[in-house]
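Enquirer: Sequence:
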Amino acid sequence: MADNPVRRGWLGHLTRRSVLAGAVASAAFPAVTATTSAAPASPSSAGEPGLRTARATGTTHRVTMYAEALPGNQIGYGLAPGEATIPGPLLEIVEGDTLEITLVNTTDKRLSIHPHGVDYDVFSDGAPFNDSFNEPGETRTYVWRTKERTTTAGRAWLPGSAGYWHYHDHAFGDHGTDGLRAGLYGGLIVRRKGDLLPDKTFVVVFNDMTINNKMAPETPMFDAVLGERVEWLCIGHGNMEHTFHLHAHRWADNRTGYLDGPNDPTPAVDNKDLNPGSSFGFQVIAGDGVGPGAWMYHCHVQFHSDGGMSGIFLVRNEDGSIPDHAQEAIDRYHAGHGGHGGHSGHTG
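So the sequence shown is residues -33 to -1, 1 to 315, counted in mature numbering (1 follows the signal peptide of the UniProt record, and there is no 0).
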């Protein structure tokens, strides 16, 4: 069996923490990471030597995932029994890799797993239309393949699989409507050989009026140390149009978030549409040019933000401590969102 590197803690590099009145409580989230790096992980800035980069392996990675019921009529994917989360495990591979996902359905619902951005045959589609799903209690294997960019006649180039993608149920409620509402979704990153690897990765899913099936003040609080390279994977689900805005940080509006060189005309953005089925990602240096503090991320549709679609990106001091002004901002955030919280209220 091929190597299946599994690391825990928000994509192996990612930690989510909740900070209240100076107390810190951390929760680990699972990930399957199949990238390799050129140097040990460490906070780094653009242009610094020893940056970690993705290397091609052409490996088949075999992963077992479990669909499990969670409190509040929710359902999640997990890498082991009793470990389901919302979002599900973050899957990360390099172009040329293959993922064989054995999905174990421990629920009493018909469900599946359907990917975006990769290659698969009709038997791994994850849709009832193709008779590709898991009945209650059933185990089924789905195969996803990736490829590099290729040329065709006439010097035309075809895109490869690299991108910030996602996966989700497509069978609970025929088109997966009930599954998505319940929390059956997760992130998928396909890297191109040579892509910069981050110190931490955050997964943000705007699902109707929730973020990761939560509303403020229960939405994820992501944190990093000043100067760390952090990556955001943003995913849209549900029935509503959204925008994703990150305070004090901006990125190039392309595949990676970085410019290709000094003459690259790609515009910089700090707000981008995030609608159902869409996804994008980018990397930034935490606190670059703005310093440590509590920075907001939120939907910029105003009544969505007012209704609880906001969260905090905490940039810590270089020594890992929390600035006093950041703790005060966090306290005000919780006080101001005291009327919200909880999950999407799925009752299917």
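Any given hint could be a false lead.
[To be verified] Calculated cross-link-like contacts (lysine to any residue; reagent style SDA-like; alpha-carbon spacing at most 25 Å):
id: 1; residue 1: Lys114; residue 2: Pro103
id: 2; residue 1: Lys114; residue 2: His214
id: 3; residue 1: Lys76; residue 2: Gly63
id: 4; residue 1: Lys114; residue 2: Pro48
id: 5; residue 1: Lys239; residue 2: Ser288
id: 6; residue 1: Lys239; residue 2: Gly205
id: 7; residue 1: Lys114; residue 2: Thr223
id: 8; residue 1: Lys114; residue 2: Phe90
id: 9; residue 1: Lys76; residue 2: Pro48
id: 10; residue 1: Lys114; residue 2: Gly161
id: 11; residue 1: Lys114; residue 2: Glu35
id: 12; residue 1: Lys76; residue 2: Arg22
id: 13; residue 1: Lys239; residue 2: Gly287
id: 14; residue 1: Lys239; residue 2: Arg222
id: 15; residue 1: Lys76; residue 2: Thr106
id: 16; residue 1: Lys160; residue 2: Arg22
id: 17; residue 1: Lys114; residue 2: Lys76
id: 18; residue 1: Lys160; residue 2: Asp220
id: 19; residue 1: Lys239; residue 2: Arg217
[Claimed, not checked] Quick list of the computed label-pair ranges, beta carbon to beta carbon:
id: 20; residue 1: Pro243; residue 2: Ala36; range: 48 to 54 Å
id: 21; residue 1: Ala47; residue 2: Gly25; range: 36 to 42 Å
id: 22; residue 1: Asp286; residue 2: Arg112; range: 42 to 48 Å
id: 23; residue 1: Asp298; residue 2: Asp86; range: 47 to 53 Å
id: 24; residue 1: Leu18; residue 2: Pro234; range: 23 to 29 Å
id: 25; residue 1: Asp291; residue 2: Asp98; range: 41 to 47 Å
It is worth saying that the hints were derived from the structure and are not from the lab.
Virtual Cβ for every residue (Gly too), placed ideally from N, Cα, C.
Enquirer: Are the hints correct? Go through all of them and say.
Expert: Now the hints, each set against the structure:
1. Lys114 <-> Pro103: Since the Cα atoms of Lys114 and Pro103 sit roughly 33 Å apart, the hinted pair is violated (cutoff 25 Å).
2. Lys114 <-> His214: violated, 35 Å
3. Lys76 <-> Gly63: violated, 34 Å
4. Lys114 <-> Pro48: violated, 32 Å
5. Lys239 <-> Ser288: violated, 31 Å
6. Lys239 <-> Gly205: holds, 17 Å
7. Lys114 <-> Thr223: It holds: about 18 Å lies between the C-alpha atoms, which stays within 25 Å.
8. Lys114 <-> Phe90: Measuring from Cα to Cα gives roughly 19 Å; hence the hint holds.
9. Lys76 <-> Pro48: Since the Cα atoms of Lys76 and Pro48 sit roughly 17 Å apart, the hinted pair holds (cutoff 25 Å).
10. Lys114 <-> Gly161: The hint holds at about 15 Å.
11. Lys114 <-> Glu35: violated, 31 Å
12. Lys76 <-> Arg22: Given that 25 Å is the threshold and the Cα spacing comes to 39 Å, the pair is violated.
13. Lys239 <-> Gly287: Not satisfied, since the Cα-Cα distance of roughly 30 Å exceeds 25 Å.
14. Lys239 <-> Arg222: Measuring from Cα to Cα gives roughly 13 Å; hence the hint holds.
15. Lys76 <-> Thr106: The hint holds at about 13 Å.
16. Lys160 <-> Arg22: Roughly 5 Å between the alpha carbons, so the hint for Lys160 and Arg22 holds.
17. Lys114 <-> Lys76: violated, 33 Å
18. Lys160 <-> Asp220: holds, 20 Å
19. Lys239 <-> Arg217: holds, 11 Å
20. Pro243 <-> Ala36: 48 to 54 Å: Violated: the Cβ-Cβ distance is about 24 Å, outside 48 to 54 Å.
21. Ala47 <-> Gly25: 36 to 42 Å: Violated: the Cβ-Cβ distance is about 27 Å, outside 36 to 42 Å.
22. Asp286 <-> Arg112: 42 to 48 Å: holds, 45 Å
23. Asp298 <-> Asp86: 47 to 53 Å: holds, 48 Å
24. Leu18 <-> Pro234: 23 to 29 Å: holds, 24 Å
25. Asp291 <-> Asp98: 41 to 47 Å: violated, 59 Å
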